[in-house]
Amino acid sequence: PSIHLGGVGEILSSYDKLNLDDQLCNKNLFIDNFIIYYKKFIIIYQIILCLYFQ
Numbered sequence: 001p002s003i004h005l006g007g008v009g010e011i012l013s014s015y016d017k018l019n020l021d022d023q024l025c026n027k028n029l030f031i032d033n034f035i036i037y038y039k040k041f042i043i044i045y046q047i048i049l050c051l052y053f054q
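Its first residue numbered 1, the sequence shown is counted upward by one per residue in full-length UniProt numbering.
Any given hint might turn out to be false.
[Claimed, not checked] Derived lysine to any residue pairs resembling SDA-like cross-links, with alpha carbons at most 25 Å apart:
1. 40 / 12
2. 40 / 52
3. 17 / 39
4. 17 / 41
5. 39 / 15
6. 40 / 14
7. 17 / 45
8. 17 / 44
9. 39 / 11
10. 17 / 50
11. 17 / 37
12. 17 / 35
13. 39 / 53
14. 17 / 43
15. 17 / 48
16. 40 / 51
17. 17 / 40
18. 17 / 51
19. 40 / 10
20. 40 / 53
21. 39 / 14
22. 40 / 16
23. 17 / 34
24. 39 / 50
25. 17 / 38
26. 39 / 12
27. 39 / 16
28. 40 / 13
29. 17 / 47
30. 17 / 42
31. 40 / 11
32. 39 / 10
These are computed hints drawn from the structure, not numbers from a lab.
Using the sequences and the accompanying hints, generate a full structural model.
See the structure below:
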């Protein structure tokens, strides 16, 4: 499936949403934070793939 630059914008908006989730998240919940950072990593990875294969 070909992903265009529009896809990157979509990915970035979900990244912003994760940042918001991150701020709302209780900092004591290590597992929740880990999941959020893992999702952020996946998003950044998707952006790199988008840019690489465009």
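- Is the hinted pair residue 39 and residue 11 satisfied, with a Cα-Cα distance of at most 25 Å? Holds, at about 11 Å.
- Does residue 17 pair with residue 34 here, judged by a C-alpha cut-off of 25 Å? Measuring from Cα to Cα gives roughly 16 Å; hence the hint holds.
- Query: Does the alpha-carbon distance linking residue 39 and residue 53 stay inside the 25 Å limit?
  - Reply: 21 Å, holds
- Message: Check the hint pairing residue 17 with residue 39 against an upper bound of 25 Å on the C-alpha distance.
- Response: 11 Å, holds
- Query: Within a Cα-Cα threshold of 25 Å, do residue 17 and residue 42 meet the stated pairing?
  - Reply: This hinted pair holds, its Cα atoms lying about 14 Å apart.
- Query: Does residue 16 lie within 25 Å of residue 39 when you go C-alpha to C-alpha?
  - Reply: 12 Å, holds
- Item | Hint consistency between residue 17 and residue 51 [alpha-carbon to alpha-carbon, up to 25 Å] | Judged against 25 Å, a Cα distance of about 21 Å means the pair holds.
- Keeping to a limit of 25 Å between CA atoms, is the pair of residue 17 and residue 44 held or broken? At roughly 14 Å apart (the allowed maximum being 25 Å), residue 44 and residue 17 satisfy the hint.
- Item | Restraint status (C-alpha distance of residue 17 to residue 43 at most 25 Å) | Status holds; Cα separation ~11 Å.
- Pair hint residue 39 and residue 12, alpha-carbon separation not exceeding 25 Å: 12 Å, holds
- Is the hinted pair residue 39 and residue 50 satisfied, with a Cα-Cα distance of at most 25 Å? 16 Å, holds
- Going straight from one Cα to the other, do residue 40 and residue 13 come out at no more than 25 Å? Distance ~11 Å between residue 40 and residue 13 Cα, so the pair holds.
Violated hints are absent here; each numbered hint is respected by the structure.
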